[in-house]
Amino acid sequence: MMEQEQIVAAVRSSTLEVFSTMLSLEVTNGDPRTEVNAPGPSDGIIAVIGLAGAWVGTASLCCGAPMACRISSSMLGMEYTEVNEDVLDAISEIANMIFGNFKTTAETYLGPLGLSIPTVIYGLSFSARTAGKEKWIVVPFVCGDDTLELKVCLTPNRGLAHMPKH
Amino acid sequence: MATDVMIVDDSTAIRKILRRMLGQTGLTLGSVVEAGDGIEALEKLKQQPIDLILSDINMPNMDGIRLLIELKSRPESKHIPVIMITTEGSEAKVMEAIQLGASGYVKKPFTSDQIKEKLVDLI
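Going down the list, the sequences are from chains A and B. Here the first sequence stands for residues 1 to 166, numbered as in the working numbering. Here the second sequence stands for residues 167 to 289, numbered as in the working numbering.
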């Protein structure tokens, strides 16, 4: 079991490390909250990564196009003003790093976890939601005028109880 | 003598970052060749000799562990130092890579100083 406070702390620690090391961008913590049916937003970018083990779930990074361009510009050392392949790739990689580090911390509570390849979605007017009523923990960050939200949903892997023993 | 380096990573963002960071190390580097996976890396090695390889572990088609096995099993490439780059802090994966002959590893996120530190002893 990983308590909400522990998830928030792990996401914050991982995000701050990635932003300071790879991006040289300063982010400040927002107030964490819980949601049902995350992820959003209706405009912008979502990077989604699956987690699987004795616990299963999904982690996502959500931000608007300006924040995605800011991240990509810092990461790749060139100015991006609109979302293109480079920006999508950069966001995918940032999500991979943040949740890769989060996974390492989460494994100390939940046992070995696998991490899927990130899927990145970009659009101007769309709706995204998760089936089911699981609780998502939303960890927001502020970077200048932009915001970034990291979301995690973890639940016990009920399928493991039905797997045949060898 | 300039060192020719190959970057193997399926992420173009990471390849661009590593190329930029290699330029910031101040080391005498020659050409920097990029490959998107292990298969492309082996193909490019046939075309150009490489002195050092930086390779991601998790990649499609042929991952970094498989690439390492291939490199170390071939007389023409077994001498090339390989530094693994990993997102996950998976001790098992890293230990496997070291046992298979990797010269070291760097964990993402990384800085140019960390890259330089790994390279400096190998070139």
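Do not take every clue at face value.
What the hints assert, rightly or not - Computed from the model, here is a short list of chain A residues facing chain B with C-beta under 10 Å:
#1 S20
#2 N101
#3 L110
Just so you know, the hints here were simulated from the structure itself, not pulled from any lab data. Where is the CB? At the ideal position from N, CA and C, for every residue including glycine.
Now for the hints, and whether the structure bears them out:
Annotation: interface hint on S20 of chain A holds; nearest CB of chain B at approximately 8 Å, less than 10 Å. This hint holds: N101 of chain A has a C-beta 7 Å from the nearest C-beta of chain B, less than the 10 Å allowed. For L110 of chain A, the suggested interface contact is broken, since its CB lies about 14 Å from the closest CB of chain B, more than 10 Å.
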